[in-house]
Amino acid sequence: NAGVTQTPKFQVLKTGQSMTLQCAQDMNHNSMYWYRQDPGMGLRLIYYSASEGTTDKGEVPNGYNVSRLNKREFSLRLESAAPSQTSVYFCASTASGANVLTFGAGSRLTVL
Amino acid sequence: RKEVEQDPGPFNVPEGATVAFNCTYSNSASQSFFWYRQDCRKEPKLLMSVYSSGNEDGRFTAQLNRASQYISLLIRDSKLSDSATYLCVVTPTQGGKLIFGQGTELSVKP
Chain D
1 NAGVTQTPKF
11 QVLKTGQSMT
21 LQCAQDMNHN
31 SMYWYRQDPG
41 MGLRLIYYSA
51 SEGTTDKGEV
61 PNGYNVSRLN
71 KREFSLRLES
81 AAPSQTSVYF
91 CASTASGANV
101 LTFGAGSRLT
111 VL
Chain C
1001 RKEVEQDPGP
1011 FNVPEGATVA
1021 FNCTYSNSAS
1031 QSFFWYRQDC
1041 RKEPKLLMSV
1051 YSSGNEDGRF
1061 TAQLNRASQY
1071 ISLLIRDSKL
1081 SDSATYLCVV
1091 TPTQGGKLIF
1101 GQGTELSVKP
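The listed protein sequences correspond, in order, to chains D and C. Numbering-wise, the first sequence is residues 1 to 112 according to this note's numbering. Numbering-wise, the second sequence is residues 1001 to 1110 according to this note's numbering.
If you're looking for bench data, these hints aren't it; they were derived computationally from the structure. It should be emphasised that the depicted structure is a prediction, and the values quoted were computed from it without experimental measurement. Glycine is no exception: its CB is placed at the ideal position from the N, C-alpha and C atoms. Possibly wrong hints are sitting among the right ones.
[To be verified] A partial selection of chain C residues facing chain D, derived with a Cβ cut-off under 7 Å: (1) P1044; (2) L1047; (3) T1091; (4) P1092; (5) G1103; (6) S1107.
[Claimed, not checked] Stretches of chain D that chain C covers, calculated by requiring three or more beta carbons in the stretch to come under 8 Å of a beta carbon on chain C: (7) 37-45; (8) 99-110.
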């Protein structure tokens, strides 16, 4: 019962470097999400994908791109990392029409 | 005004205490309401949904007040293991995106 799997769990980048956070779910969920969590800010939606082949911007999309590779996988890319992108990133998924999110364990990213 | 607001706390209570958290939301048409729990450095997990008539799950009681646009979570007989951050979550439309509050931190002391 893997649920939602994120990689990597930890990453340190230098300003300007690029990287991709990977997310995969094995629950046959249609919708997938990327959130970031910062102290005192709660979880903020970066991008989401309501179904395979579609992606939409959330509350804080600037500096990020996403790819819904197939139904299982939803990746988040930072093309040119900035210190303001230091955060904990959570991937989540849910079945269509449902409101209950299943989260991955999180990816802690530090940009120096 | 934020769409979903919570008192960030922290709430420091002794074991056995009763503690209540409130959460306000700005969109009067909001459809669904939830409480999630997040342990330190872990992912959020669903604690309970909040129904219009109010609902209870063991020591936890959730209530919704649509007129005043807030939901509440009551924890009775607090345990050390209840120490966590409690996140209020609102869905503005049916099947729409979930909006998270910033979380309320609870620390239960012996």
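query: Which hint numbers does the structure go against, in order from smallest to largest?
result: The structure conflicts with hints 2, 4, 6, although it agrees with all the remaining ones.
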